[in-house]
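What the sequence shown shows, in the numbering used here, is residues 2 to 276, in sequence order.
Source of the hints: derived by calculation from the structure; they are not laboratory data.
Check each hint, because a few of them may be wrong.
With a straight-line Cα cutoff of 30 Å, these simulated BS3-like cross-link-like pairs (lysine-lysine) come out [as the list claims (entries may be wrong)]:
{"hint": "1", "residue 1": "210", "residue 2": "243"}
{"hint": "2", "residue 1": "180", "residue 2": "265"}
{"hint": "3", "residue 1": "129", "residue 2": "210"}
{"hint": "4", "residue 1": "151", "residue 2": "243"}
{"hint": "5", "residue 1": "180", "residue 2": "243"}
{"hint": "6", "residue 1": "129", "residue 2": "74"}
{"hint": "7", "residue 1": "265", "residue 2": "210"}
{"hint": "8", "residue 1": "151", "residue 2": "163"}
{"hint": "9", "residue 1": "151", "residue 2": "265"}
{"hint": "10", "residue 1": "82", "residue 2": "265"}
{"hint": "11", "residue 1": "210", "residue 2": "242"}
{"hint": "12", "residue 1": "180", "residue 2": "74"}
{"hint": "13", "residue 1": "82", "residue 2": "180"}
{"hint": "14", "residue 1": "129", "residue 2": "82"}
{"hint": "15", "residue 1": "74", "residue 2": "242"}
Pair by pair, the computed Cβ-Cβ distance ranges are [unchecked claim]:
{"hint": "16", "residue 1": "228", "residue 2": "207", "range": "15 to 25 Å"}
{"hint": "17", "residue 1": "50", "residue 2": "246", "range": "42 to 52 Å"}
{"hint": "18", "residue 1": "32", "residue 2": "212", "range": "16 to 26 Å"}
{"hint": "19", "residue 1": "70", "residue 2": "165", "range": "21 to 31 Å"}
{"hint": "20", "residue 1": "143", "residue 2": "242", "range": "20 to 30 Å"}
{"hint": "21", "residue 1": "212", "residue 2": "94", "range": "22 to 32 Å"}
{"hint": "22", "residue 1": "138", "residue 2": "172", "range": "42 to 52 Å"}
We treat Cβ as the ideally placed atom computed from N, Cα and C, and that holds for glycine.
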Amino acid sequence: MDRLRAVALSLLLGLGLPVLSPQALALGKCERLIVTGSPDSPPYLWRDPQDPVHLIGASADLLRQVAGELGLKVEVLYGGKRAQAQEEVRSGRMDLLVDAPIALDELDSLDYIHPALVRNDFLVWTRKDSPLLYSSAEDLRGHTGAISEKARLTQPFSTFSKERLTLQRTPALTPAFHKLLLGEVDYVLAGRYAGMVTTQALGMANDLKAYPQPVDQPGLFLAVSHNSACNDPWLRGQLAKKMTELPASGLTEAALQRNLERWKAQLQPVSAPKP
Numbered sequence: 002m003d004r005l006r007a008v009a010l011s012l013l014l015g016l017g018l019p020v021l022s023p024q025a026l027a028l029g030k031c032e033r034l035i036v037t038g039s040p041d042s043p044p045y046l047w048r049d050p051q052d053p054v055h056l057i058g059a060s061a062d063l064l065r066q067v068a069g070e071l072g073l074k075v076e077v078l079y080g081g082k083r084a085q086a087q088e089e090v091r092s093g094r095m096d097l098l099v100d101a102p103i104a105l106d107e108l109d110s111l112d113y114i115h116p117a118l119v120r121n122d123f124l125v126w127t128r129k130d131s132p133l134l135y136s137s138a139e140d141l142r143g144h145t146g147a148i149s150e151k152a153r154l155t156q157p158f159s160t161f162s163k164e165r166l167t168l169q170r171t172p173a174l175t176p177a178f179h180k181l182l183l184g185e186v187d188y189v190l191a192g193r194y195a196g197m198v199t200t201q202a203l204g205m206a207n208d209l210k211a212y213p214q215p216v217d218q219p220g221l222f223l224a225v226s227h228n229s230a231c232n233d234p235w236l237r238g239q240l241a242k243k244m245t246e247l248p249a250s251g252l253t254e255a256a257l258q259r260n261l262e263r264w265k266a267q268l269q270p271v272s273a274p275k276p
C-alpha cells in the first residue's frame, strides 16, 4: 500500500497536479453531511424559529465542530417529527441522525457511533415539601409520577418503569410539572436541562427540587444510514475517535450552556397554576 501511494504521489508530481492530503483523499465521494434529528429536544436539538428549515442546538454545534476538523461540511435540516426524521435517514435521503438513542431494531439500517455525542441525565423532581425521598429508582415504587411522552429512556429503565413504576404520560413537560405542583403526582422524571428551564419559565423553581443523582442517563448517538453514500469505514472511524476525545475537550459543556441561554431567550414566560 505504501509503495502504491509513493507511485501515485510521483505521478501527481510529474504531471504537475496538486497533491491532496491523506484526509482529502479519504473523504473521496463525501464532502458534506446532510443531518437531522428530533426537532423538539432543546437544548440538544430544536427547530430554529428564525429559520425553520434548519435545526439548532448543542448537538448540532458539536457535530459541526467535529466535522469541520475532519474537513466535512454539515447541514442540519428539519426532517419532520422524530419518526419522520428517522425514516429520512434510514432511506438514505439524509445521511445521519445526530441524536439517536440505541435501538436494537435499528441496527439493520443504522451504524451507531460510539461513544455517545451527549448524555441526557434524567432527574427526579418533587415538591419541596414532599415526603418522598429519592436515592434510587426503587424509591419511586408506590408513588405516582409523570413523564413527557417525548422522553427517550434507556431500554433497561424503560422496561423497569413499565413493570414497577406508576407513570402518567403527558404530551410535554409543562403539563407534567403542573400536575406535580397541584399534587396530582408525587414526582416528575425530566431531563436535567429541560426540567430546569421549564420550571424556571413556569415560575415553579422555588416550589420544586431536583435530586442530583440521575435515575437514567440515555445517550444520544450519531447514527449513519446504511444507505448513505457517505457511510464508509474512514468516516465511522474518524467520528468515533472524535467522540472519544470530546468529553475531555470542554466543548460539550460549553455548547450546552450556550444553547441553554439561547433556548431561554426564545421562551415566553408561562404562568404556573395555583397549588
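Here is what the structure says about each hint:
no., hint, in the structure
1, 210 x 243, "violated (35 Å)"
2, 180 x 265, "holds (22 Å)"
3, 129 x 210, "holds (6 Å)"
4, 151 x 243, "holds (28 Å)"
5, 180 x 243, "violated (41 Å)"
6, 129 x 74, "violated (47 Å)"
7, 265 x 210, "holds (19 Å)"
8, 151 x 163, "holds (15 Å)"
9, 151 x 265, "holds (20 Å)"
10, 82 x 265, "holds (22 Å)"
11, 210 x 242, "violated (38 Å)"
12, 180 x 74, "violated (44 Å)"
13, 82 x 180, "holds (26 Å)"
14, 129 x 82, "violated (35 Å)"
15, 74 x 242, "holds (18 Å)"
16, 228 x 207: 15 to 25 Å, "violated (50 Å)"
17, 50 x 246: 42 to 52 Å, "violated (32 Å)"
18, 32 x 212: 16 to 26 Å, "violated (46 Å)"
19, 70 x 165: 21 to 31 Å, "violated (44 Å)"
20, 143 x 242: 20 to 30 Å, "violated (46 Å)"
21, 212 x 94: 22 to 32 Å, "violated (42 Å)"
22, 138 x 172: 42 to 52 Å, "violated (24 Å)"
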